[in-house]
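Student: Here is how the chains run, residue by residue.
There are 2 protein chains.
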Amino acid sequence: MNQIELFAPASVANVSCGFDVLGFCLDPIGDIMRISKTNTPGVTIGNVSGQTLPKDPQKNVASVAGLALLKETSSEFGFQIDIDKKIKPGSGIGSSAASAAGAVFGINELLGNPYSSKELIRFAMAGEAIASGAAHADNLAPVLLGGFTLVRSNETLDVIKLPNPTELVATVIHPKIELKTLHSRSILKPTIPLNKAIEQWGNLGAFVSALYTDDYDLLSRSMEDKVIEPYRAMLIPKFEETRQAALKAGALGSGISGSGPSIFALSKGRQTAEKVGIAMESIYKNLNLDYQLHLSKINTEGIKILDRS
Amino acid sequence: MNQIELFAPASVANVSCGFDVLGFCLDPIGDIMRISKTNTPGVTIGNVSGQTLPKDPQKNVASVAGLALLKETSSEFGFQIDIDKKIKPGSGIGSSAASAAGAVFGINELLGNPYSSKELIRFAMAGEAIASGAAHADNLAPVLLGGFTLVRSNETLDVIKLPNPTELVATVIHPKIELKTLHSRSILKPTIPLNKAIEQWGNLGAFVSALYTDDYDLLSRSMEDKVIEPYRAMLIPKFEETRQAALKAGALGSGISGSGPSIFALSKGRQTAEKVGIAMESIYKNLNLDYQLHLSKINTEGIKILDRS
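So the sequence lines, in the order shown, correspond to chains U and B. First residue of the first sequence: 94, per my numbering; consecutive thereafter. First residue of the second sequence: 94, per my numbering; consecutive thereafter.
No lab work stands behind these hints: they were computed from the structure. Please read these numbers as outputs of a predicted model, since none were measured by experiment. Treat the hints with care, as some may be off.
Because identical chains share one entry, a pair is satisfied inside a single copy or across any pair of copies.
What the hints assert, rightly or not - The calculated PhoX-like cross-link candidates involving lysine-lysine, where the alpha carbons are at most 25 Å apart (straight line), are: (1) K130 x K282; (2) K148 x K282; (3) K390 x K164; (4) K390 x K361; (5) K130 x K152; (6) K397 x K130; (7) K164 x K179; (8) K319 x K282; (9) K378 x K289.
Please construct the entire structure, taking both the sequences and the accompanying hints into account.
Tutor: This is the structure we're talking about:
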């Protein structure tokens, strides 16, 4: 095999109650990446379409992740990465995670799969770190493992794949303003009230339980964030109105996707998710602001191989 | 039925990673309570053995809980509660929770079970509030529902019964010093570092997942508390040495039981739990301090009815 083409999906991190630890993988939204063997060792960035990305291998998320993998592996050949970037950087649905995860996944395939998907997270984090200023796996884990994931520890990369109730459907609205994760992170306070922290871990524990028991009502009650969202919400136009519209239309829960500005909702069934989309859209239609709306079941597979040759 | 005799078990709250939300029920340790119908409406405290407890119905945890139930129920008769109190108050293994839960459970039975076990938590909390200064359900829930429980919200009393891996055995050492929950709570800071909070909810989410998947290794890795334990540990003689001895002897995890001074450990299998007990004891044997050691499987049933007449 000399070349692989793959679909690197977008993802939603935090999911209201799991700041920095919880995430799930989206389905129809993602980048198309082609990774090809070259004769020159190292990683180069080839064609880039859809978005403007750095061509310098030391600055591009995908190549940095790929280089981190190659540093620990002996390979006689190198790799070129072509990216059709459909996920806008700074959208809050894991743009950099898709690039980093896609790169290491593809290179690993071309090397004959020396690493497991879980092991690949570590290399992808090197790429993610350039984009967000800190190495986090909360978007990478769902992209590489699929479905819902929990990062118990970023330090030791203790990552758990969680089950997911099959009727869950996500609605995501992406207002076309750019929020850098780095900035969204800097407005957070270094300490939080103990009583809010207790609520948050009570909610996360309940959310995890609900995933195992298909308890949609409990899932709904658990999707609260009184710790992070109050700070970040103000960076997103009409956040609270959009969230309330989603809930009123029947969503189980709604919140900021990752560090925003995208807003996600989870619903039971596609029909409700569609209604939720219309409700979210109704808020944004009246603003002089471009946006995109996505509907997606939970992608339990993660990255998909489109072609190999 | 005019009289019921029951076993109201001790319990372990917090369980390292779930401060104020997580708890499990112990088996062989508990109070014996006898609740009898009387002709005078209200609740009175009859015979008390084992410990000295207030006889004033407005001050005794059991009667306050019972009165909270009766306030919402019409009953022509009253109730007398006799208590053989085997759990020492201030031991950290849910002494007040056992009394409060036992009282409402017994009265509910004598009234023909108008309330579910989950509904009884609300009444029992009134009793618990006198003892600990705040109404918490983290010990009450495991006593009334059995097994492991998660209190998602104290306000709305959203309580979830969790599964438990069948090989889990608890070891508890109770140093005979008294720590009032009220005091143990007052040394905590009102805010906590965000990064520690993230670790804590990552651990709790993983712990809940481990209970569903019988993953003893993950359970072990999740049993950490960097938020509360550092403050409370200093109130407990030789806490860290005892915890380390337990871990070295093979325990999956060990920490402060509730607000202390009891120290608990969880092990896989009774044999390991026994070794852990010997290791914990070896630290306390050299101190001029009385202690008690308990071994217990997880009590999945909660309160047990011993006799009715």
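Student: If a hint holds in the structure, say so; if it doesn't, say that too.
Tutor: Hints versus structure:
1. Proximity of K130 and K282 under a CA criterion of 25 Å is satisfied in neither setting, with 45 Å inside one chain copy and 56 Å between copies.
2. In the homo-oligomer, the alpha carbons of K148 and K282 never lie at most 25 Å apart, since the shortest distance is 35 Å inside one protomer and 49 Å across protomers.
3. In this assembly of identical chains, the alpha carbons of K390 and K164 never lie at most 25 Å apart, being 36 Å within a copy and 49 Å across copies at closest.
4. Proximity of K390 and K361 under a CA criterion of 25 Å is satisfied intra-copy only: 10 Å inside one chain copy versus 38 Å between copies.
5. In this assembly of identical chains, the alpha carbons of K130 and K152 lie at most 25 Å apart only when taken from the same copy (20 Å versus 78 Å across copies).
6. For a Cα distance limit of 25 Å, the shortest separation of K397 from K130 inside one copy, 19 Å, qualifies, whereas the shortest one across copies, 68 Å, does not.
7. Taking the shortest Cα distances, K164 and K179 never come within 25 Å of each other, neither inside one copy (28 Å) nor across copies (62 Å).
8. In this homomeric assembly, K319 and K282 come within 25 Å of each other (Cα to Cα) both inside a single copy, at 13 Å, and across copies, at 19 Å.
9. In this assembly of identical chains, K378 and K289 lie within 25 Å of each other by CA distance neither inside one copy nor across copies; the values are 34 Å within and 40 Å between.
In summary, the structure is inconsistent with hints 1, 2, 3, 7 and 9 from the numbered list given earlier, while agreeing with the others.
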